[in-house]
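Q: Between the sequences and the hints, there should be enough to build the whole structure, so can you do that?
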Amino acid sequence: MSKASFITRRILQLGVTFWAVGTVLFLLFRLMPGDPTAFVVSAQMTPEARQRVIESFGLNEPLHIQYIQFLQNALTLNFGQSFHTNEPVRDVIWTFLPNTLVLMLTAFVIAYILGVTLGVFTGWYRGSRFEKTTVVTALTARSVPTFYVGLIVLWIFGAGLGVIPMSGMGSAGVEHESFAARVFTLDFLHHLIAPAAVLAFYYMGYPLLIMRSSMMEVLSQDFIDVCRAKGLSERTIMFKHAARNALLPIITAAAIALGYAVGGSVLIETVFGWPGIGREMVNAVLRRDFPVAQGTFMVLAATIIILNFVADLLYGYLDPRVTYD
Amino acid sequence: MATQDEPSIFADLDDGATEEDVESVNRWERTLRLWRETIGEQWRMLTDDLLVKLAMVTLTFFMAVAIFAPLLAPHGPLTRQYETDAEIIIADWVDPVFIDSESAYILGTTSQGYDILSQLIYGSRAALLVGLLAAVFTAGIGTLVGLTAGYYGGKIDDTLMRIVDFLYGMPLLPTVIILVALLGPSLWNIIFAIIVLQWRSTARVIRSQALSLRERPFVKAAQVAGASDWHIISRHLAPNVLPLSFLYGAFAIAWAILAEAGVSFIGLGDPNRVSWGTMLQSSRAYAALDFGVWWWFVPPGICIGLVVISGFLIGRGYEEITNPELR
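Listed in order, the protein sequences are those of chains A and B.
Per numbering that gives the first Met the number 0, residue 0 is the first one in the first sequence, and the count goes up by one each step.
Per numbering that gives the first Met the number 0, residue 0 is the first one in the second sequence, and the count goes up by one each step.
Among the hints, erroneous ones may be present.
[Claimed, not checked] Derived pair list, reagent style DSBU-like, types lysine-lysine, alpha-carbon separation capped at 35 Å:
hint, chain 1, residue 1, chain 2, residue 2
1, B, Lys-219, B, Lys-154
2, A, Lys-229, A, Lys-239
3, A, Lys-131, B, Lys-219
4, B, Lys-219, A, Lys-2
5, A, Lys-2, A, Lys-239
6, A, Lys-239, A, Lys-131
7, A, Lys-2, B, Lys-52
8, A, Lys-131, A, Lys-2
[Stated by the list, open to error] A few chain A positions that, by computed beta-carbon distances, are all more than 12 Å from chain B:
hint, residue
9, Phe-17
10, Ser-81
11, His-83
12, Asn-85
13, Pro-87
14, His-240
[What the hints assert, rightly or not] DEER-style ranges, computed between Cβ atoms:
hint, chain 1, residue 1, chain 2, residue 2, range
15, A, Gly-161, B, Leu-53, 35 to 43 Å
16, A, Gln-71, B, Gly-75, 48 to 56 Å
17, A, Glu-60, B, Pro-270, 30 to 38 Å
Quick caveat, the hints were computed from the structure, so don't treat them as lab data.
All residues carry an ideal CB built from backbone N, CA and C; glycine is no exception.
A: Below is the structure:
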């Protein structure tokens with residue numbers, strides 16, 4: 000199979016996956032046992048008011064009509080209106096998604112810089128005590144739930160020492176003209192430090208372990224011996240020759256991991272009261288606001304699906320040995 | 000090893016061909032012995048590593064605690080230990096022994112008046128139930144689907160793998176949250192929701208193994224000898240992918256426990272059961288952080304961490320067995 004037909008096939012697959020995720024989500028919310036409108040309409044409403052609300056959301060139509068309507072709307076990225084605030088779901092997403100992205104990307108950049116560097120060293124000094132300690136630390140970081148580390152950090156530095164704010168993204172009562180104006184303030188940074196550090200600590204383990212095993216593989220190859228024979232310094236071999244060759248699996252793994260990171264933003268945002276898309280999804284689920292839950296979930300799923308796709312393409316682009324069959 | 004039991008070199012071929020009833024008892028014995036040997040050999044390799052041994056001891060400890068919870072726990076996990084005049088909400092706690100030596104509660108109580116030690120002990124039940132059930136089903140379903148897809152190939156493979164692709168598009172925690180919110184908050188629903196998503200990675204890996212295994216001579220030989228598809232999958236392919244299934248099962252314990260803790264922490268935990276996640280959730284709901292009641296929220300997290308890291312360590316130890324290059 001040629002590269003072009005591989006990409007076409009992959010794009011078609013992408014469309015099918017989106018359709019399947021959307022359909023399952025649609026069915027989940029509507030085919031649950033019991034009255035499907037029970038989640039939507041409050042029991043305290045008068046029957047007329049209830050009927051009006053049901054009609055305004057198109058919930059009186061038969062299921063297949065609703066489904067077609069849903070698909071049409073989804074194509075134009077219209078996920079309806081919040082049952083709770085009547086705001087269009089699209090606006091809700093635009094409010095919360097940038098906050099999540101800022102937090103995740105900050106944490107991710109820190110995690111990958113530290114993780115890859117440590118991975119190079121652990122792969123190089125294989126079998127040393129340093130390697131053993133680092134690997135066990137990385138495993139521990141991945142074993143303790145992020146929200147728990149967040150709780151402990153909040154307890155020590157927030158409630159105890161009072162050096163970090165207990166929740167939120169900015170101090171109360173401070174207004175900013177735009178999102179960008181808000182992000183570049185010291186106050187924002189002050190709020191960002193704790194959640195970003197906790198996340199970075201957690202994400203660090205993955206690139207570290209991958210880089211380590213990738214380094215081991217590269218170090219066993221002949222060209223490293225050639226480098227040694229040429230009399231290059233250890234440092235040059237480690238960073239210029241070994242690490243650069245070992246970096247390939249990290250790049251594709253990073254794309255995939257970033258997708259799951261955005262999907263897994265739910266807990267850390269809840270702990271730190273960070274107004275991100277994950278926390279908004281949880282809140283929407285808890286208050287049975289299913290257009291918002293559906294829309295925010297779709298964004299999380301889409302991030303994963305698209306980044307998986309990017310990882311596939313990157314892999315073929317970066318490694319000429321990859322064949323498409 | 001007893002020499003008279005040595006199977007003939009044509010054992011694989013004989014196996015598919017013999018149909019006589021007399022032989023059937025022997026065949027079962029032989030299958031059993033094969034499985035026992037495979038597992039025994041891998042067990043010995045696994046317990047070679049000190050860290051893996053420690054992990055096993057930790058897991059065994061928590062398993063014993065979970066089994067004997069009613070004997071070990073000094074109080075019921077959800078029985079209020081005292082009442083206050085305000086009656087409805089008790090917002091007072093008893094200090095643990097190491098702070099107030101007069102205290103009757105070793106680890107103190109929560110603001111709701113529950114004994115923390117008893118909650119921790121009973122919490123191990125929820126965690127291990129989630130971990131073990133999820134692991135067994137994840138590894139089981141994943142292996143079965145992976146073997147079927149890899150062995151048959153073609154349309155069956157395509158269909159099954161598209162389902163796996165779809166599952167890979169679903170974010171784990173948000174999906175579990177939505178499923179639990181719709182099905183109702185109970186431990187069984189949480190376990191179900193975790194299994195629904197988790198088998199995807201096992202299936203993918205086992206499939207790629209099966210794809211290469213089915214081209215190997217011993218499978219071809221069994222086919223020529225007239226063995227049924229099911230026979231080949233269960234007797235010839237399954238034992239060969241067993242180490243990988245175990246590996247993914249061990250990791251699944253860890254991931255499932257983390258997922259349960261997360262879902263419970265968000266407030267969708269089983270209200271009639273104590274888990275480490277629900278302990279953390281209620282400590283947060285009662286602002287234990289602000290009051291500095293650390294003996295409430297520190298221990299459950301340590302327990303989660305210990306069990307999860309044991310799962311990871313066993314998984315990693317196993318990975319080194321299945322992939323000797325890592326050693």
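Q: The structure should be examined with respect to each hint, and the outcome stated for every one.
A: Quick rundown of the hints versus the structure:
Under the criterion of a C-alpha separation no larger than 35 Å, the hint pairing Lys-219/B with Lys-154/B is consistent with the structure, at around 21 Å. Only pairs whose Cα atoms come within 35 Å are accepted, and Lys-229/A paired with Lys-239/A is accepted, the gap being roughly 14 Å. The suggested pairing of Lys-131/A with Lys-219/B is violated, with an alpha-carbon distance near 44 Å, which exceeds 35 Å. Distance check on the hinted pair: Lys-219/B and Lys-2/A sit about 33 Å apart at the alpha-carbon level, within 35 Å; holds.
Among the hinted pairs, Lys-2/A with Lys-239/A is consistent with the structure: their alpha-carbon atoms are about 31 Å apart, no more than 35 Å. Annotation: proposed proximity of Lys-239/A to Lys-131/A holds, straight-line Cα distance about 24 Å (limit 35 Å). A hinted pair counts as satisfied when its Cα atoms are at most 35 Å apart, and Lys-2/A with Lys-52/B does not qualify at roughly 48 Å. As the CA atoms of Lys-131/A and Lys-2/A are separated by approximately 42 Å, the hinted pair breaks the 35 Å bound.
Distance check on Phe-17/A: its Cβ comes as close as 8 Å (rounded) to a Cβ of chain B, failing to clear the 12 Å threshold; non-interface status is violated. With a minimum CB-CB distance of about 17 Å to chain B, Ser-81/A clears the 12 Å threshold, and the non-interface call stands. Residue placement check: His-83/A keeps its beta carbon more than 12 Å from all beta carbons of chain B (closest about 15 Å). The Cβ of Asn-85/A lies farther than 12 Å from every Cβ of chain B, with a closest approach of about 22 Å, so its non-interface assignment holds.
Even its closest Cβ contact with chain B, about 21 Å, leaves Pro-87/A beyond 12 Å, as expected for a residue assigned away from the interface. His-240/A, annotated as away from the interface, keeps every beta carbon of chain B farther than 12 Å; the closest lies near 21 Å. Checking the proposed 35 to 43 Å range against Gly-161/A and Leu-53/B shows it holds: the Cβ atoms sit about 38 Å from each other. The hint said 48 to 56 Å for the Cβ distance between Gln-71/A and Gly-75/B, and at roughly 55 Å that hint holds.
With their beta carbons about 36 Å apart, Glu-60/A and Pro-270/B fall inside the hinted range of 30 to 38 Å.
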